[in-house]
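Asks: Protein chains in written order, with my numbering: chain A, 1 to 256; chain B, 1001 to 1288.
A few of these clues could be false.
Below, simulated SDA-like cross-link-like pairs (lysine to any residue); rule was C-alpha separation at most 20 Å, straight line [unchecked claim]:
hint : chain 1 : residue 1 : chain 2 : residue 2
1    : B       : 1049      : A       : 33
2    : A       : 28        : B       : 1052
3    : A       : 248       : A       : 44
4    : B       : 1051      : A       : 47
5    : B       : 1092      : A       : 89
6    : A       : 139       : B       : 1250
7    : B       : 1051      : A       : 6
8    : B       : 1143      : A       : 130
9    : A       : 28        : A       : 6
10   : B       : 1051      : A       : 36
Note that these hints are calculated values from the structure, not bench results.
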Amino acid sequence: MDEKRNGLKEKITNSQIWRSMFRHGYEKTGRRYTLQILQNVWLHLHPPRVPRHGINFRFTWCMGGITFLMFLVTAVTGVLLMFYYRPTAEYAFRDIQYLEFDIPFGMLLRNMHRWAAHGMVIAVMLHMFRVFLTGSYKKPREFNWAVGVILLVVTLFLSFTGYLLPWDQLALWAVTVGTNMARATPVLGHEGPFVPQAITQSNDVRFVLLGGTEVSPSTLLRFYILHCVGVPILASVLMALHFWRVRKDGGISGPL
Amino acid sequence: MEPFLALVSKPDNVPIIAIIFLLPFFTWLAFSQGRRNDKAGTPAEAALKDKVYVWPYLCRAEFLCAIIVMLILGVWSIALDAPLEEMSDPAKTPNPSKAPWYFLALQEMLVYFDPWIAGVVLPGLIIAGLIAIPYIDINPKGKGYYTLKERPFAIATFCFGFFMLWIVLMVVGTFLRGPGWNFFAPWVKWDPHKVVSLTNVNLSYKFGIRGDLTANIFGFIVVAGYFSLGPLLYFWKRKTSRFLQELGLIRYIIVSFLFLTMMALPIKMILRWVWNIKYIWVSPWFNV
Ligand code: HEM
Chain A
1 MDEKRNGLKE KITNSQIWRS MFRHGYEKTG RRYTLQILQN VWLHLHPPRV
51 PRHGINFRFT WCMGGITFLM FLVTAVTGVL LMFYYRPTAE YAFRDIQYLE
101 FDIPFGMLLR NMHRWAAHGM VIAVMLHMFR VFLTGSYKKP REFNWAVGVI
151 LLVVTLFLSF TGYLLPWDQL ALWAVTVGTN MARATPVLGH EGPFVPQAIT
201 QSNDVRFVLL GGTEVSPSTL LRFYILHCVG VPILASVLMA LHFWRVRKDG
251 GISGPL
Chain B
1001 MEPFLALVSK PDNVPIIAII FLLPFFTWLA FSQGRRNDKA GTPAEAALKD
1051 KVYVWPYLCR AEFLCAIIVM LILGVWSIAL DAPLEEMSDP AKTPNPSKAP
1101 WYFLALQEML VYFDPWIAGV VLPGLIIAGL IAIPYIDINP KGKGYYTLKE
1151 RPFAIATFCF GFFMLWIVLM VVGTFLRGPG WNFFAPWVKW DPHKVVSLTN
1201 VNLSYKFGIR GDLTANIFGF IVVAGYFSLG PLLYFWKRKT SRFLQELGLI
1251 RYIIVSFLFL TMMALPIKMI LRWVWNIKYI WVSPWFNV
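Full structure from sequences and hints, please.
Replies: Next up, the structure:
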């Protein structure tokens, strides 16, 4: 029986189809463990080996990874949501209602997207907290810390632009309050200090952000494009840089 | 009590409740390791610096972690529905209008500073200050392991900013602010007609100064004095110390400026609560 099974296994793993997909066998050797990482496009973000404390939950709390996982979840659920959502004042709110009541698992989809977004904010806060407390921003990781700070801002902005899209009272007024502060930008906001005469309600920074003098349908379109295209691309580029630098700066930090 | 309970159970406020539990846990986790390392003399991480294979050890941990997090997210998404209120109506302003929870510390700052400071200058300085941290913290110790003793100032300052000025203000803004952005204790019913008499006066007024120009000059002196006297005094007394020599003048100025800017918020809060001070410095162009 065992012989038969081994024979079958051999046959499969030696077949042309199997060989075309998996380029090496699975012996339990260091060489194989290394190849598993180096030869795999998804895993090769990792180094082949890391210091033992780096895989200790108590050291990193996994928070950078969880932030990234939450980002992936929002990306997948977000694309699915885009099939059902039109960013115009006539449709936006109705589309969300329709999604909730008539689309199979629509409510679940929306919940996962929203809670993953909140989860990402929580995780990124904790990640920053841990990086600070282990002093991991110190030389040579100064620049990666700076990239991280920008990622924090981008994460918040991603969440904030998404907040408007349901186009309900909660969305409208949260974004109204949030963007009202831009009125007071020094020099560039019409109610800020040191404003030149030429800056008015309809050409200051807030106008650029909102596409109008108040939160309006053009704001909805603007935020939609920022939320679904602009900011995610920016976040992805910065994350690629961030992960690259984690490796180039010598991998996970540790005592010398 | 009802408005408070309604706030706590609002689905969008659940993340704050989660933070209220998660942060103390992770703070404990970090601090207990720091204390252990400080006591032992050498960090425990140093004993674990031999290398292990990422496959399977790290990948396994990541996979497990991902499954657990996805389980939590799944349960959360099944149990709790994302909020959807009535369709937006620009004519109906809710009172209070609140920004999303992660911006509520900024909104809370609006009580103490004019919008151009609370909404633009301070957030800008927070971002710039965070980016500056690695360049102004010249202490080479405490890199890559938990410790408290080896970098007390850095950790105390960061934790103060992180907890007091972000988390606490966020919690206050979410749970304790009602109509008119007035303060309501959890057990008090929200009264939309609550009138809080505005008896705030400017600092110059408290000092008996009435003229606009003198008030302006007075305010300038107070603010300039706040930012320069302390740093000058410390510099003058300690300028030969090794720490200041290594830090250098430019870093010293940046550190003290950022530090004093951060402390300006709690100081202004106390001035407001205790003496009803509105502005420190009133000028024709802006108020501080
Ligand atoms: C979208 C947001 C972010 C993602 C997805 C992310 C992801 C990661 C991951 C996966 C790591 C590997 C180690 C770990 O998991 O702890 C890491 C390390 C690091 N992160 Fe982030 N991060 C983000 C935001 C930030 C922020 C806000 C900061 C700081 C302000 C930061 C600073 C760093 C630094 C300095 C390291 C190196 C730590 C070390 O070597 O010990 N990152 N990041």
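Asks: Next, verify each hint and record whether it holds.
Replies: Checked hints:
1. B/1049 with A/33: Judged against 20 Å, a Cα distance of about 19 Å means the pair holds.
2. A/28 with B/1052: holds, 14 Å
3. A/248 with A/44: At roughly 13 Å apart (the allowed maximum being 20 Å), residue 44 of chain A and residue 248 of chain A satisfy the hint.
4. B/1051 with A/47: Satisfied, since the Cα-Cα distance of roughly 11 Å is no more than 20 Å.
5. B/1092 with A/89: holds, 16 Å
6. A/139 with B/1250: OK: residue 139 of chain A and residue 1250 of chain B at ~19 Å, within 20 Å.
7. B/1051 with A/6: violated, 34 Å
8. B/1143 with A/130: holds, 12 Å
9. A/28 with A/6: holds, 17 Å
10. B/1051 with A/36: holds, 16 Å
In this structure, the one hint that does not hold is number 7.
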